[in-house]
Amino acid sequence: MSHHSIAIYARVSSDKQAQDGTIESQLAAIKEFALANDFRIDDDLIFADNGVSGTTLVRPKLDALRDKAAAGEIDRVLILNPDRLARKYAHQLMLVEEFQKLGVEILFVNRNISHSPEDQLLLQIQGVISEYEREKIVERHRRGKLHKARQGNVCVLSGAPYGYVYIRASDSEQARYEIHEREAEVVKKVFHLLVDQGMSIGAIARELTNAQIPTRNDVGRWERSVVWAMLRNPAYTGHAAYRKTKVVERVRPTKQAYDRSFYPKHVHSSTRDRPRDEWIEIPVPAIISEDIYNKTRARLEENKRFSPRNNTKFAYLLSGLLRCQECGYALYGKPASNSKYKRCYYRCAGQDGHRWTNGRVCSSHPVRVEALDDLVWEQTRRLIEQPELVLKEYAARVQHKQRQRSEYTELIVKKRKEIKQQELEKERLLDLYQGGRVSLSEIEARLKAIRAKIKKAEDECAMIEKEEKEEGHRLQVIEQFTEFAKRIKSNLTNLGFEERKQIVRLLVEEVKVNTKTEEITVRHILPLDKKFPLCKGGNGSTSRQVEEPVSEFMGLI
Numbered sequence: 184m185s186h187h188s189i190a191i192y193a194r195v196s197s198d199k200q201a202q203d204g205t206i207e208s209q210l211a212a213i214k215e216f217a218l219a220n221d222f223r224i225d226d227d228l229i230f231a232d233n234g235v236s237g238t239t240l241v242r243p244k245l246d247a248l249r250d251k252a253a254a255g256e257i258d259r260v261l262i263l264n265p266d267r268l269a270r271k272y273a274h275q276l277m278l279v280e281e282f283q284k285l286g287v288e289i290l291f292v293n294r295n296i297s298h299s300p301e302d303q304l305l306l307q308i309q310g311v312i313s314e315y316e317r318e319k320i321v322e323r324h325r326r327g328k329l330h331k332a333r334q335g336n337v338c339v340l341s342g343a344p345y346g347y348v349y350i351r352a353s354d355s356e357q358a359r360y361e362i363h364e365r366e367a368e369v370v371k372k373v374f375h376l377l378v379d380q381g382m383s384i385g386a387i388a389r390e391l392t393n394a395q396i397p398t399r400n401d402v403g404r405w406e407r408s409v410v411w412a413m414l415r416n417p418a419y420t421g422h423a424a425y426r427k428t429k430v431v432e433r434v435r436p437t438k439q440a441y442d443r444s445f446y447p448k449h450v451h452s453s454t455r456d457r458p459r460d461e462w463i464e465i466p467v468p469a470i471i472s473e474d475i476y477n478k479t480r481a482r483l484e485e486n487k488r489f490s491p492r493n494n495t496k497f498a499y500l501l502s503g504l505l506r507c508q509e510c511g512y513a514l515y516g517k518p519a520s521n522s523k524y525k526r527c528y529y530r531c532a533g534q535d536g537h538r539w540t541n542g543r544v545c546s547s548h549p550v551r552v553e554a555l556d557d558l559v560w561e562q563t564r565r566l567i568e569q570p571e572l573v574l575k576e577y578a579a580r581v582q583h584k585q586r587q588r589s590e591y592t593e594l595i596v597k598k599r600k601e602i603k604q605q606e607l608e609k610e611r612l613l614d615l616y617q618g619g620r621v622s623l624s625e626i627e628a629r630l631k632a633i634r635a636k637i638k639k640a641e642d643e644c645a646m647i648e649k650e651e652k653e654e655g656h657r658l659q660v661i662e663q664f665t666e667f668a669k670r671i672k673s674n675l676t677n678l679g680f681e682e683r684k685q686i687v688r689l690l691v692e693e694v695k696v697n698t699k700t701e702e703i704t705v706r707h708i709l710p711l712d713k714k715f716p717l718c719k720g721g722n723g724s725t726s727r728q729v730e731e732p733v734s735e736f737m738g739l740i
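For the sequence shown, our numbering gives the first residue as 184, with consecutive numbering after it.
A few of these clues could be false.
[What the hints assert, rightly or not] The list that follows gives simulated cross-link-like pairs (lysine-lysine, DSBU-like), each with its CA atoms no further than 35 Å apart:
id	residue 1	residue 2
1	K251	K699
2	K429	K517
3	K371	K331
4	K639	K669
5	K271	K214
6	K603	K649
7	K525	K631
8	K331	K284
9	K669	K699
10	K636	K597
11	K669	K631
12	K487	K429
13	K244	K525
14	K284	K517
15	K525	K251
16	K429	K331
17	K487	K319
18	K638	K649
19	K598	K244
20	K244	K371
21	K638	K271
22	K609	K575
23	K517	K575
24	K244	K487
25	K244	K517
26	K636	K600
27	K328	K251
28	K284	K575
29	K603	K271
30	K251	K669
[As the list claims (entries may be wrong)] Distance ranges between label pairs, derived from CB positions:
id	residue 1	residue 2	range
31	E316	W539	25 to 35 Å
32	Q334	P458	33 to 43 Å
33	Y349	R407	20 to 30 Å
34	H537	M277	26 to 36 Å
35	H375	T398	13 to 23 Å
I should point out that these hints are in silico values taken from the structure, not numbers from a laboratory. This one's a predicted model, so the numbers in the text were calculated from it and none came from an experiment. A virtual CB, placed ideally from N, CA and C, is assigned to each residue, including glycine.
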């Protein structure tokens, strides 16, 4: 029985493959190979990415596998095929080389690759062919769907929308939609509530939920996004459309991405609307008339025009910069609805019960807009009016950097020396093993420890170099800021709201609000050390003096 630490990696690309259990067949084949070769597999070392594209390296289980390998906790990795590791040849080559440098052996079950030049060439050829085959399949699939769409075949659509039933193709008929009578009545009601009763999308969703009308998947709650998509779908007029949207790379970060705990399953994980002239219409049974649909579009445009987010009556200086310390969601400006005074508050999106299936997810309090705006603007203005504070900080940092430069150099030399010593020790052990003087089991534990030490020293070197680079950038930013402050200092008192807003966006990266401790953290160019009152909303507003935490130095945007 082998005592190596052996891991398994498997991957399937689509959610359907994940649901169909395709990854289980991969794991079964790999485990069968392991059993035949007397390999013992630890359940903690099975890494399976379900429904994640092989064209990206950003995969949760692959990252976990690489971390284990870097920590010296894995000796071998079993994978069904090279294309399960990565679809792109360049990614395959990079990952295989990375594992080999860490002393981790890669075994492909269906085609084992040795270190001979011939097998390495074969791996390269297989990777290039796999990448080519994938692109060819994608292109054939795209052209095939376009052809079927132009023939009026609904099979190219993602699925029958609410109100329809998808009838699969038979030998004599192609696939089609049929009206689901009960759901069709709900569709008509949704359009009626918007067009005839003037209800908002959120109100319609609450109406359907309160009436206990089941959703397609019977989740017990109607979401606004579902109602919104229903009202915009031309299929209900008898004209379903293919190619209404296109997939693109996500630009605006989601909360998950902000939290750095979110792994997109595909590189292109966001959608954008296509121009209407690029749509391909497919005839289906109609549920509503063209007249009702046109009135719906007009009402949606009207609602959009008069939406509170387009209301310029209230000004929010910190719009887009605020984030809740408690839940991580953004804060947005909102006028008080039950006050005879014109008061506005910054409110956390996590407090809005209608946004979430199980109600609000945050217990923070609203914050008075004028209090928070004045607080942050005052500190921004102070930086501009007193550049000597920045220059003092600059001088202190220059002196500190001069002292650190020699320390950084000494540390780098020391760490590089440690790495070289550990590499020599590893080579010595491998020479002893190849010479037959020691067994592999005798040196396994020592090799693991050596790999861990090398990884630790390399990480420390990278951290030192990163800190030195960032500190140099900070000094450059401070020097640029002093010139900027001189140019606009004389006009500070005459600045309008938009000018002040631009300056705040230039100098402030982010403001985190914690209403429980009544503290805010400003990611700013210079630490703030003054006490500030923080007002919070409610039936009455309260304030107290709080010590502002030292903000992070982030530099100019």
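Verification of the supplied hints:
{"no.": "1", "hint": "K251 - K699", "result": "violated (39 Å)"}
{"no.": "2", "hint": "K429 - K517", "result": "holds (33 Å)"}
{"no.": "3", "hint": "K371 - K331", "result": "holds (30 Å)"}
{"no.": "4", "hint": "K639 - K669", "result": "violated (46 Å)"}
{"no.": "5", "hint": "K271 - K214", "result": "holds (25 Å)"}
{"no.": "6", "hint": "K603 - K649", "result": "holds (21 Å)"}
{"no.": "7", "hint": "K525 - K631", "result": "violated (67 Å)"}
{"no.": "8", "hint": "K331 - K284", "result": "violated (49 Å)"}
{"no.": "9", "hint": "K669 - K699", "result": "violated (38 Å)"}
{"no.": "10", "hint": "K636 - K597", "result": "holds (13 Å)"}
{"no.": "11", "hint": "K669 - K631", "result": "violated (58 Å)"}
{"no.": "12", "hint": "K487 - K429", "result": "holds (23 Å)"}
{"no.": "13", "hint": "K244 - K525", "result": "violated (52 Å)"}
{"no.": "14", "hint": "K284 - K517", "result": "violated (55 Å)"}
{"no.": "15", "hint": "K525 - K251", "result": "violated (57 Å)"}
{"no.": "16", "hint": "K429 - K331", "result": "holds (18 Å)"}
{"no.": "17", "hint": "K487 - K319", "result": "violated (42 Å)"}
{"no.": "18", "hint": "K638 - K649", "result": "holds (16 Å)"}
{"no.": "19", "hint": "K598 - K244", "result": "holds (30 Å)"}
{"no.": "20", "hint": "K244 - K371", "result": "violated (45 Å)"}
{"no.": "21", "hint": "K638 - K271", "result": "holds (27 Å)"}
{"no.": "22", "hint": "K609 - K575", "result": "violated (50 Å)"}
{"no.": "23", "hint": "K517 - K575", "result": "violated (40 Å)"}
{"no.": "24", "hint": "K244 - K487", "result": "violated (42 Å)"}
{"no.": "25", "hint": "K244 - K517", "result": "violated (41 Å)"}
{"no.": "26", "hint": "K636 - K600", "result": "holds (12 Å)"}
{"no.": "27", "hint": "K328 - K251", "result": "violated (42 Å)"}
{"no.": "28", "hint": "K284 - K575", "result": "violated (47 Å)"}
{"no.": "29", "hint": "K603 - K271", "result": "holds (33 Å)"}
{"no.": "30", "hint": "K251 - K669", "result": "violated (52 Å)"}
{"no.": "31", "hint": "E316 - W539: 25 to 35 Å", "result": "violated (43 Å)"}
{"no.": "32", "hint": "Q334 - P458: 33 to 43 Å", "result": "violated (22 Å)"}
{"no.": "33", "hint": "Y349 - R407: 20 to 30 Å", "result": "holds (25 Å)"}
{"no.": "34", "hint": "H537 - M277: 26 to 36 Å", "result": "violated (46 Å)"}
{"no.": "35", "hint": "H375 - T398: 13 to 23 Å", "result": "holds (18 Å)"}
Taken one by one, the earlier hints fail for this structure at numbers 1, 4, 7, 8, 9, 11, 13, 14, 15, 17, 20, 22, 23, 24, 25, 27, 28, 30, 31, 32 and 34, listed in ascending order.
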